[in-house]
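Work out the full structure: start from the sequences and follow the hints.
In order, the protein sequences belong to chains A and B. Take 2 as the starting number for the first sequence in my numbering and just add one per residue. Take 844 as the starting number for the second sequence in my numbering and just add one per residue.
Calculated directly from the structure, the hints in this document are not laboratory data. Each residue gets a CB set at the ideal place from its N, CA and C atoms; glycine is no exception. Be careful, since some hints might not be right.
Computed beta-carbon distance windows for the label pairs [to be verified]:
| hint | chain 1 | residue 1 | chain 2 | residue 2 | range |
| --- | --- | --- | --- | --- | --- |
| 1 | A | L179 | B | G1389 | 41 to 49 Å |
| 2 | A | I356 | B | T1158 | 28 to 36 Å |
| 3 | A | D218 | B | K1318 | 39 to 47 Å |
| 4 | B | Q1186 | A | A234 | 50 to 58 Å |
| 5 | A | Y212 | B | K1318 | 51 to 59 Å |
| 6 | B | G1426 | A | E213 | 14 to 22 Å |
| 7 | A | D187 | B | K1427 | 57 to 65 Å |
For reference, the chains in residue letters:
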Amino acid sequence: VTEQKNNKISIYLHIPFCKSKCGYCSFASGIYPESVIKRYFELLPKEFDLFFNDFSESLEVPTLYIGGGTPSAVPSNFLSNVIAKLLSMIHNMPFEITIEANPGDIDHSFIKACKEIGVTRISLGVQSFKDNVLAFLGRRHSASQAVDAFNLLRESGFSNISIDLIHGVPTFGPDRWLIDLKSILDLSPEHISLYALSIEEGTPFHENKIYEKIDNDHVATEYHLAVKMLRDAGYNRYEISNFSKPGYECTHNLNYWHMGNYIGFGVSAASFIDGIYFQRFQDVSKYIECLEKGISTIESLEEFHGRDRWVNAMIMGMRLEDGIHIHEFNRRFGIDISKVVKDKWRNYIDDSHVIMDDERIRFGDKGFYVSNSFLSMLI
Amino acid sequence: MVSGRIFIVIQKENIRNFAIIAHIDHGKSTLADRILEITGTIPKIRMREQILDRMDIERERGITIKAQAVRIDYKADNGELYRLNLIDTPGHVDFTYEVSRSLAACEGAILLIDATQGFQAQTIANLYLALEQDLQIIPVINKIDLPSARPDALKREIQTIIGTKPNEVLAISAKTGEGVSELLEIIVKEIPSPKGDEDTSLKALVFDAHYDDYRGVIVYIRVMDGAIRKGDWIRMMATDKKFQVNEIGVFKPDMTPIDILQTGDVGYIIATIRDIADSRVGDTVTSHEKPADKPLPGYKRPKPMVFCGLYTVETADYEHLGQALEKLSLNDSAFTYQPETSQALGFGFRCGFLGVLHMDIIKERLEREYNLELIVTVPNVVYRITDTKGYVKEIENPEEFPDSTHLTKVEEPYVLLRLVTPSEFMGPMMELNHKKRAEYIKMEYLSEERVTLEYYLPLAELIVDYYDKVKAGSKGYASVDYEFHGFREADLVKVQILINGEPLDAVSFLSDRESATRKGRVMVMKLRRSIPRHLFDVPIQASVGGKIVARETIKALRKDVLSKCYGGDVTRKRKLLEKQKEGKKRMKMFGNVNIPQDALLIVLDISEDDK
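Put into structure tokens, the structure is as follows:
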């Protein structure tokens, strides 16, 4: 069974630059001199060329996601120029173009650039509406800046705004989280991403052993509180950490979780095309060097075979509230997933852990947040 | 193999058979090395550190497990040639009987004491064994080269214990060789030559044996009366088995065949004995044609007193474990094993040992020499039960312990325990023994600073973290020795541990009634801390006689997921899950509950402390 080929491919563009680095951040990002930023933007089109020279014919690009780092932290004209070049290479206009932004960067010049690019969706990295939490996380903006930024975007006509919040922050009790949830509901964004603080190796938080302070029960309590409050306010949890008003799901991210094709450009960007997964250099200077020499920026490449293919699809698909579609899944991977699940998860197929009917397999409220335990049973 | 069989005939009068009594690390092996070197028995170039300890494990732990014997030709200052047979004794507490048999093969013993440490319990115990055999004792103070040596204080202790005047005690450094030549002269002068009758029936004492893959059992003997020659038919008096001797020899220290071992001689015989149980330590070898009318005194059959289950971490290694146990038992008739099955641990073996150190050694050898990863269940002692019909039975496995309604009497083994401690730690030592249900016998001062304490102690208490507690309570200065004393009536109950409502046999145990609840609680706490959270609540309970005495609940896991996961993360995530899965492999599935291997190891760690 081979991956069904199609001509749809989403694009991710990584902007690895920040004005400051947050204590928890493990993404390829950092503070660089403007000369490096300039060079990066000059060279990115070379990478677009390399890709589109091979594939240009009939590619349809439904979504474009500009992430980071902090895309809003670079000079707006750099952004608009490079996106213009990118869009000139594809034949359709993506119907969803998302850009990540720091609330401290939202000004008229940024908004103007977004309009030029054709941004349809803004993902605002608010993280918290409490200044002491923001200070703990190492965010450079204030709570009031976040509210102002949101309002400015609204006034400027952006009708699809997503806000990121981080919960499970140690030393802050559940009351902090309640305030954040109330604040976000006051703003009523179309989309909300809730991430639990995770401490990755190589981050300042890891060095300071913040992980020792993280209490997963506290994290779970905050999560379940959020699920309830957001549902009551009319949001759907369509993925473990993502909530939206009906019709405002992030199509770009859904494509990841459906194991659809995507091409990533820029430092560290990952791509998945017809069952082959690859990732570009994590190191900015190494990446720039490759592009200057006109050689491939791919650092690692892996082709998924056999079991890995459907296990990956389960890892991703089961993050969704709707879980996986049994027949589609079986057709795509040539297995009998309900049989596997009935065997491996037999003690947990009920209303709250794993919910299975003729069409779908999905996690219930008790299963979602412990899905690693379930998924590891499949391996 | 043997170059030049030149053996000078030496009369019995010029033979000196002796042992070295010393505590671990007091320098016994170094002294033996030095003697071999000075007498030219082994050229310096061939000297391997502590050549008498053959096994790696012995060298590493500094403990001699198997006794060894080496023949040394020594030209004394008086110009005469002497034959010294140095018999090395096993150096640890579980082998009191074996030590006593090695000593029985000697006429004298060097009492070697570390000048920085003084007498230790084991030294005193072995000294008493030597005195029981009427051995001539030569007290020697070792390590006088060390700056912390306190030879004068030690001389006073020696005077207290064996009455030797301080100015008559030899002080040496086995390391530098200082005083070792003088010691050789003293050995020749003070240790009596062997007695015994050359013209009567053969009587030879078996003081050790080991199994050789090609040659069968090699029996270490000391000829007490008569002589033994190649080709003789011999009989083992305890097992009543008959063999023909096809090789006789001595250790120089390599095995060197000779034609005859005469009265007073020490050496080995090979007689196509396939089973080591046929040449038991303490048995008497006699002539088949002209047997002695009675054996040498003191023979006892070794009896395992401490039992535990041995299981492999990898189920597939079970057969390998069985083969390894068979091999080890070829060389150790004191240790027993038989297959058993545990609900939690699968297929394994119930093994019997002389004591916990014996157990540790076997375990370590299995791990090291046979590359086995093992799980060892909580050790238990042998219990003697009398049922309502009056039948007496010995129970080696807590699983077999019957319901108390079927019993009229339960007895447990006691040891006579001797502790030597600096007097400042007397309080903690007495307190420890009190807690361990010990019965005080007496206390004696060795000097102003050091005391011996004697107790009757349940063996069950000795095998659970007793040594660690002594070490901790005395900053490592106290030492312990024991010998088996006898059985005493006990009030025992079985503490069942239930995981998710099911009894987990591997961690259930027997306890005296008084501490059952406390021990049950500790076990439950330990399990709660070492079993990971599951997708459901896991209750852990301890029950005594059907009554729950302790309960802890491992709450269901609430979060294990990475909340952020995008395109590029899928490989990383899969690897994480694979790692998690790998971890699961190292768990034992018990009902629906996964118990990690290391959790079992933690709870099976015999310390009962609630750390």
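| Unsatisfied constraints (hint numbers, rising) | 5 and 7
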